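*Asks:* Protein chains in written order, with the UniProt record's numbering: chain S, 1 to 126; chain U, 1 to 227.
Think of the hints as simulated: they come from the structure by calculation, not from any bench.
Note that the structure is a prediction, hence the values are computed from the model and not measured.
Glycine is no exception: its CB is placed at the ideal position from the N, C-alpha and C atoms.
Don't take every hint at face value.
Said to hold, decoys possible - Below are the SDA-like pairs computed for lysine to any residue, each with C-alpha atoms no more than 20 Å apart in a straight line:
no., chain 1, residue 1, chain 2, residue 2
1, S, LYS94, U, LEU217
2, S, LYS94, U, HIS56
3, S, LYS94, U, GLN57
4, S, LYS54, U, PHE6
5, S, LYS94, U, TYR213
6, S, LYS94, U, SER82
7, S, LYS94, S, MET111
8, S, LYS54, U, ASN4
9, S, LYS94, U, ALA54
10, S, LYS94, S, GLY82
11, S, LYS94, U, ILE210
12, U, LYS68, U, TYR213
13, S, LYS94, S, ILE80
14, S, LYS94, U, ASN4
15, S, LYS54, U, PRO61
16, U, LYS68, U, PHE105
17, S, LYS94, U, ALA167
18, S, LYS94, U, THR55
19, S, LYS94, U, PRO61
20, U, LYS68, U, HIS56
As the list claims (entries may be wrong) - Okay, the calculated beta carbon distance ranges per label pair:
no., chain 1, residue 1, chain 2, residue 2, range
21, S, GLN96, U, LEU203, 21 to 27 Å
22, S, PHE98, U, ILE44, 25 to 31 Å
23, S, GLY69, U, LYS68, 37 to 43 Å
24, S, GLN96, U, PHE151, 25 to 31 Å
25, S, LEU97, U, GLU225, 17 to 23 Å
26, S, LEU97, U, ASN41, 45 to 51 Å
27, U, SER50, S, ALA66, 35 to 41 Å
28, S, GLN96, U, THR92, 33 to 39 Å
29, U, MET186, S, TYR100, 40 to 46 Å
Residues per chain are reported as follows:
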Amino acid sequence: MGFPLLFQPAQFNQDSCCCTKYLYGPFVHSNFSQVALRGFQTGAVSRDIDTAAKFIGAGAATVGVAGSGAGIGTVFGSLIIGYARPSTINPSLKQQLFSYAILGFALSEAMGLFCLMVAFLILFAM
Amino acid sequence: MMLNFFDQFMSPVLLGIPLIALALLLPWILFPNPAARWINNRLITLQGWSISQATHQLFTPLNQGGHKWATLLISLMIFLISLNLLGLLPYTFTPTTQLSLNMAFAVPLWLATVIVGLRNQPTIALGHLLPEGTPLPLIPVLIIIETISLFIRPLALGVRLTANLTAGHLLIQLIATAVFVLLPLMPTVAILTASVLFLLTLLEVAVAMIQAYVFILLLSLYLQENV
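Construct the entire structure; sequences and hints are all you get.
*Replies:* Next up, the structure:
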């Protein structure tokens with residue numbers, strides 16, 4: 001069972017475009033899952049320690065996006081609390097509140113995306 | 001490899017002509033001018049109403065000096081909203097994913113607000129560097145921190161817009177590729193992923209409009225401090 005796998009042609013490695021890589025899939029129905037597994041194991045990129053370090057760094061840097069999630073949750077939770085207060089005097093406060101909530105959402109999302117951008121920077125530019 | 005997913009952000013060039021110039025001109029033809037009539041047609045009336053609503057909401061907190069900026073900022077907002085929304089169409093290039101464009105919007109406008117503040121009311125503008133009620137020993141540190149915060153503003157403005165749009169487009173392309181690959185193998189999982197893709201597209205439409213609005217809102221807030 002293992003031997004035919006070992007002698008699979010290595011054409012998947014030379015493909016530089018990821019889009020055509022998947023086009024081979026439907027034609028090799030019988031052992032597609034094994035071929036896909038094979039693609040994971042024999043990818044030329046996964047050999048280099050440098051690339052492995054980049055992957056680990058990018059994965060670790062993506063954890064920072066959790067802060068953005070916490071921030072957005074806080075902002076909209078406070079918006080709901082602010083909406084629930086009896087605002088009998090000034091209905092236009094709801095409009096202002098919502099506008100500030102959208103501002104807070106965008107700023108918090110920006111922080112999360114800065115973190116994600118550092119992850120991409122590590123992955124591709126360094 | 002993921003590097004190919006970034007090809008969508010390359011500035012398109014056809015026969016040596018940078019097509020980004022064409023992409024930047026396109027929103028101009030989408031917003032017709034009002035005709036010289038007392039009452040215009042429905043489209044122009046709606047357009048005028050929505051623009052005046054946005055202007056009213058953004059510029060009410062500002063004083064007279066700030067109202068001079070209304071034309072510039074509102075037209076910039078319409079430009080950014082249309083660029084972002086047009087970029088969500090398939091195979092359409094989004095110019096606002098280019099950091100150079102967003103920094104070209106952010107840096108001159110931020111610098112203009114700072115210069116206006118320093119020129120007309122230098123004491124008040126510099127006074128913003130120190131919040132009220134700081135304890136005496138903290139003053140030097142806080143001034144340094146506030147100056148750094150001031151200089152980070154244009155960077156944050158530009159990068160916020162770029163990163164939001166780039167990340168959104170990347171996510172859409174990734175999930176769409178996942179759906180496309182999963183479809184012959186596990187159709188049910190592909191349908192679930194397709195529903196995720198649909199929700200993501202709705203989120204991206206919202207983000208496209210929100211990010212343009214926040215860009216202008218923050219500029220108006222910086223103006224409010226300085227004018």
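*Asks:* Are the hints correct? Go through all of them and say.
*Replies:* Evaluated hints:
| no. | hint | in the structure |
| --- | --- | --- |
| 1 | S:LYS94 with U:LEU217 | 18 Å, holds |
| 2 | S:LYS94 with U:HIS56 | 16 Å, holds |
| 3 | S:LYS94 with U:GLN57 | 13 Å, holds |
| 4 | S:LYS54 with U:PHE6 | 17 Å, holds |
| 5 | S:LYS94 with U:TYR213 | 18 Å, holds |
| 6 | S:LYS94 with U:SER82 | 27 Å, violated |
| 7 | S:LYS94 with S:MET111 | 26 Å, violated |
| 8 | S:LYS54 with U:ASN4 | 17 Å, holds |
| 9 | S:LYS94 with U:ALA54 | 16 Å, holds |
| 10 | S:LYS94 with S:GLY82 | 8 Å, holds |
| 11 | S:LYS94 with U:ILE210 | 18 Å, holds |
| 12 | U:LYS68 with U:TYR213 | 19 Å, holds |
| 13 | S:LYS94 with S:ILE80 | 10 Å, holds |
| 14 | S:LYS94 with U:ASN4 | 45 Å, violated |
| 15 | S:LYS54 with U:PRO61 | 47 Å, violated |
| 16 | U:LYS68 with U:PHE105 | 18 Å, holds |
| 17 | S:LYS94 with U:ALA167 | 31 Å, violated |
| 18 | S:LYS94 with U:THR55 | 18 Å, holds |
| 19 | S:LYS94 with U:PRO61 | 16 Å, holds |
| 20 | U:LYS68 with U:HIS56 | 13 Å, holds |
| 21 | S:GLN96 with U:LEU203: 21 to 27 Å | 24 Å, holds |
| 22 | S:PHE98 with U:ILE44: 25 to 31 Å | 28 Å, holds |
| 23 | S:GLY69 with U:LYS68: 37 to 43 Å | 40 Å, holds |
| 24 | S:GLN96 with U:PHE151: 25 to 31 Å | 29 Å, holds |
| 25 | S:LEU97 with U:GLU225: 17 to 23 Å | 22 Å, holds |
| 26 | S:LEU97 with U:ASN41: 45 to 51 Å | 35 Å, violated |
| 27 | U:SER50 with S:ALA66: 35 to 41 Å | 37 Å, holds |
| 28 | S:GLN96 with U:THR92: 33 to 39 Å | 35 Å, holds |
| 29 | U:MET186 with S:TYR100: 40 to 46 Å | 44 Å, holds |
The structure fails hints 6, 7, 14, 15, 17 and 26 (numbered hints given earlier, in ascending order).
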